[in-house]
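Q: The chain contents come next:
Number of protein chains: 2
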Amino acid sequence: MTDLNAYMTGVGESARRAATLMAAAPTAAKNQALLALARRLREAGPVLAEANERDLAAAREAGLEAPMVDRLRLDAKVLATVAEGCEQIAAMPDPIGEITGVKRRPTGISVGQMRVPLGVFGMIYESRPNVTIEAASLAIKSGNACILRGGSEALHSNLALAALVGDSLDDAGLPRDAVQLINTVDRAAVGLLITMPAHVDVIIPRGGKGLIERISREARVPVIKHLDGNCHSYVDAEVDIDLAVTVVDNAKTQKYSPCNATESLLVHAAQAASFLPRIGMVFSAKGVEMRACPRALALLSQVPGDLRRAATEADWDTEYLAPIISIKVVDSLDEAIAHINRHGSHHTDAILTTNHMNAMRFLREVDSASVMVNASTRFADGFEYGLGAEIGISTDKFHARGPVGLDGLTSMKWVVLGQGEVRS
Amino acid sequence: MTDLNAYMTGVGESARRAATLMAAAPTAAKNQALLALARRLREAGPVLAEANERDLAAAREAGLEAPMVDRLRLDAKVLATVAEGCEQIAAMPDPIGEITGVKRRPTGISVGQMRVPLGVFGMIYESRPNVTIEAASLAIKSGNACILRGGSEALHSNLALAALVGDSLDDAGLPRDAVQLINTVDRAAVGLLITMPAHVDVIIPRGGKGLIERISREARVPVIKHLDGNCHSYVDAEVDIDLAVTVVDNAKTQKYSPCNATESLLVHAAQAASFLPRIGMVFSAKGVEMRACPRALALLSQVPGDLRRAATEADWDTEYLAPIISIKVVDSLDEAIAHINRHGSHHTDAILTTNHMNAMRFLREVDSASVMVNASTRFADGFEYGLGAEIGISTDKFHARGPVGLDGLTSMKWVVLGQGEVRS
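Top line first, the protein sequences correspond to chains A and B. Note that the first sequence covers residues 1 to 424 in the UniProt record's numbering. Note that the second sequence covers residues 1 to 424 in the UniProt record's numbering.
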């Protein structure tokens, strides 16, 4: 066994032991750890700054672009935000131990379900060190243990943050190993982490599509993931045009990089002539390139500027994460639904409509993690949904779907309460 | 591409198309198909009998043992039972389209969750042809499509049953391909079925541990499964001895073959001297071999007969599915919980106790799909839990856990209802 193997096995065994203790931990102790962590984050300025500065200097030296360097930065504002996140999670109800749906059966037994932690989750992420705190705080509240593998470029920052987490667990009498950060940049550690079913129950990767595809392929445990977010906004035949312009504008342009930004606009033929020139003006003014089907292109011909292009077949499948949008005119709700189910990534899709039956059909038949009526796809987010926090987004149908909060890190087991009943 | 490849791809594509239609199918049509199926099962006597007789004759000719041949038999009683099952499922509420937990957010959007089908499930099973109807009826009600792969020894019976299912789907205007039976006994079909993520969303295997382990290892989609059921009954330090004798007797001896039968008995030292001789008499009278730790063995010394053995370490990990039970004296609730979590199979475990705190600790800390207080482990079953039917049992923590009914074949997607809200 190599040193790395021995190290990872040790981490896994420690995590499993800690998970058993965390599953039985009192709510008060978990909240105490979270509040201690918030306090320590606010007070740890100089120590954290030194560690963070090492990562920042290395990044600048390595020639990373300014936005990448910025994402590494742990300034007072970032720390205040993550500290506040810990306090918010402390204030949320404890999901663990909740017993629901208890029903008396004809045999006399009462049957219900109890929410319990999943056990140990492994989290693989890049760049932003605040993810370390987000993952740790969700693990603590949900009674899980976690093994964190951050980006090598943030290692010193992550180690400093993990030490604060460990101290906060100590403060509350909880096992320090409930949150462990892998302390090596050796890439083989990821391969080991995702193939330890005895020690790790689920893997949550965040990062580029290539990384996530590789992890999904090689993992020997379930993976909570989304690969991309080719999200659609569909303007129906019956629609409030003003509302649709406002919502589609926001869905595309409020921010270009998130996975819940709209990448493709479908417009019913009955509204295309009224709607497309108006949204075209908005996109043109904001510098959004329009890749349009022939009918849409014709209707956009009066839009000023030179941002109109003919869409290729590949555009319908593309997540741009940039000021680009694909635009297609469709002849029916059926065509819109079929297009989304075929070309979308089952992430988030919205209909703009005033017709109730069409709204309900869209909600039911579009096979995506989030389906919306008359709202911006940008709302697909754990905070916006009221989950308090988000460990990731799932585009799978299994277990957790869409934004994953505390509940997604839990499992429901059956509880049977009897008075000596036997089966006949 | 071989013929088998082409055939399986065709089956997969047909299933995916059918799944889209089933997801949008009206409740009334699904119930109509289920009631038509019940009627057809009751009326199909001669045609079914002929197909079944072919399988029975082949089984006898192949020298199968009588119990194995019996499991293949589709007599009037078996058909009446499965027909009744279809009617019961028709009478249950439709899980699909249910919208729960809708809450208004500060932004103005309303956020909730809608229950939708998983899509296509593949079911791999052996022997008993009535599983064909159970799987088909659950698929229809839950709005999924399914691909069924039964045992080769039941092929003619299964084909005849699948034809009845297809006719019943026709009756209701639903796609015949919603339930497809693989019509070849080529074993390579299983390997293809479990590696078609584009066409199959989840695999549900039933059968021997070896088969299920192989499927889990090789599948490229999630698998809902349990490998074995090493279930425990634990007699606590504070207990109603009469109640404990009745329940443990039932948990072990009511039937030996099911996965929810108790295989291991743990007894707190404080009750061992009172409890073990009494349960030993019961086991002895029923011919149940007792494999006991040294302390238990000593306390069982007065039990008549020669069914007492010294347990080996391997006994703690063994699912006997036979009139054999392992017995261990423990010194604390902690020891009992640790033993169960280490040696059990996370299936079903019960505590017999009059102490409330111990009951709650057992429920919370035993990491099993079903945890019980003062009830027979034999109750771990979809019908007993009120699920109406059971497609299988899961000992995983991911997605469905314990008996899997209609809900386990569904997924919750997020629905967002707005009036033109945008994200700021």
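Do not take every clue at face value.
Claimed, not checked - Cross-link-like lysine to aspartate or glutamate pairs, in silico, DMTMM-like; alpha carbons within 25 Å at most:
#, chain 1, residue 1, chain 2, residue 2
1, B, Lys103, A, Glu50
2, A, Lys209, B, Glu87
3, A, Lys103, B, Asp167
4, B, Lys103, A, Glu13
5, A, Lys103, B, Glu390
6, B, Lys103, A, Asp381
Said to hold, decoys possible - Just so you have them, the derived chain B footprint on chain A, three or more residues with Cβ under 8 Å:
#, segment
7, 19-26
8, 31-42
9, 46-58
10, 109-119
11, 362-368
12, 374-382
13, 393-402
To be verified - To give an idea of the chain B side of the interface with chain A (calculated C-beta under 8 Å), a few residues:
#, residue
14, Met92
15, Asp94
16, Asn250
17, Tyr256
18, Ala389
Rather than coming from a laboratory, the hints here were simulated on the basis of the structure. C-beta: ideal position from N, C-alpha, C; glycine also.
Q: None of the hints should be skipped; say for each whether it holds.
A: Verification of the supplied hints:
{"no.": "1", "hint": "B/Lys103 - A/Glu50", "result": "violated, 44 Å"}
{"no.": "2", "hint": "A/Lys209 - B/Glu87", "result": "violated, 47 Å"}
{"no.": "3", "hint": "A/Lys103 - B/Asp167", "result": "violated, 37 Å"}
{"no.": "4", "hint": "B/Lys103 - A/Glu13", "result": "violated, 40 Å"}
{"no.": "5", "hint": "A/Lys103 - B/Glu390", "result": "holds, 18 Å"}
{"no.": "6", "hint": "B/Lys103 - A/Asp381", "result": "holds, 15 Å"}
{"no.": "7", "hint": "19-26", "result": "holds (count 3)"}
{"no.": "8", "hint": "31-42", "result": "violated (count 0)"}
{"no.": "9", "hint": "46-58", "result": "violated (count 0)"}
{"no.": "10", "hint": "109-119", "result": "holds (count 6)"}
{"no.": "11", "hint": "362-368", "result": "holds (count 5)"}
{"no.": "12", "hint": "374-382", "result": "holds (count 6)"}
{"no.": "13", "hint": "393-402", "result": "holds (count 5)"}
{"no.": "14", "hint": "Met92", "result": "violated, 14 Å"}
{"no.": "15", "hint": "Asp94", "result": "violated, 12 Å"}
{"no.": "16", "hint": "Asn250", "result": "holds, 4 Å"}
{"no.": "17", "hint": "Tyr256", "result": "violated, 13 Å"}
{"no.": "18", "hint": "Ala389", "result": "violated, 15 Å"}
Hint compliance for this structure: hints 1, 2, 3, 4, 8, 9, 14, 15, 17 and 18 are not met, and every other hint is.
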